[in-house]
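J.: Sequence:
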Amino acid sequence: MRRFLTPVLWVIWILFVSIVVIVMEAITSPADIPPRSLIVELLGGYGSGAISQAGDTSLIIWTLERILPAHLAICLTWRAFKAVFLR
Numbered sequence: 004m005r006r007f008l009t010p011v012l013w014v015i016w017i018l019f020v021s022i023v024v025i026v027m028e029a030i031t032s033p034a035d036i037p038p039r040s041l042i043v044e045l046l047g048g049y050g051s052g053a054i055s056q057a058g059d060t061s062l063i064i065w066t067l068e069r070i071l072p073a074h075l076a077i078c079l080t081w082r083a084f085k086a087v088f089l090r
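Okay, so the sequence shown: first residue is 4 according to the working numbering, each after it adds one.
The hints are simulated quantities; they were obtained by calculation from the structure and are not laboratory data. A couple of the hints might just be wrong.
Stated by the list, open to error - What follows is a list of derived Cβ distance ranges for each label pair:
| hint | residue 1 | residue 2 | range |
| --- | --- | --- | --- |
| 1 | P33 | A83 | 35 to 41 Å |
| 2 | R90 | G58 | 45 to 51 Å |
| 3 | C78 | V26 | 20 to 26 Å |
| 4 | S32 | T80 | 27 to 33 Å |
| 5 | G48 | R82 | 20 to 26 Å |
| 6 | P33 | F7 | 39 to 45 Å |
| 7 | F84 | D59 | 35 to 41 Å |
| 8 | I22 | P72 | 28 to 34 Å |
| 9 | L89 | I25 | 23 to 29 Å |
Glycine residues also receive a C-beta, built at the ideal position from the N, C-alpha and C atoms.
Whole structure, please, built from the sequences with the hints as guidance.
T.: In structure tokens, the structure reads:
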């Protein structure tokens, strides 16, 4: 059960944090268009017409671009701390 519950809780947490980041961006940003995403630029950019900068896909990619590296760094830091100091 734990093998199933842990990934499900991580997905729920990432979704919650994504919503919080999107809401914070909407409150603090003076424009309706989200910031440009580096991932979209690397995959061909906004000029191809497949992804618009004002679309939901662009906003979700921009949010995950901010959230996932931060969570990965926190997870790795915790694992290193636990391996060094708690064993």
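J.: Decide, hint by hint, whether the structure agrees.
T.: Against the structure, the hints come out as follows:
no.: 1; hint: P33 x A83: 35 to 41 Å; result: holds, 40 Å
no.: 2; hint: R90 x G58: 45 to 51 Å; result: holds, 47 Å
no.: 3; hint: C78 x V26: 20 to 26 Å; result: holds, 24 Å
no.: 4; hint: S32 x T80: 27 to 33 Å; result: holds, 30 Å
no.: 5; hint: G48 x R82: 20 to 26 Å; result: violated, 36 Å
no.: 6; hint: P33 x F7: 39 to 45 Å; result: holds, 43 Å
no.: 7; hint: F84 x D59: 35 to 41 Å; result: holds, 37 Å
no.: 8; hint: I22 x P72: 28 to 34 Å; result: violated, 18 Å
no.: 9; hint: L89 x I25: 23 to 29 Å; result: violated, 35 Å
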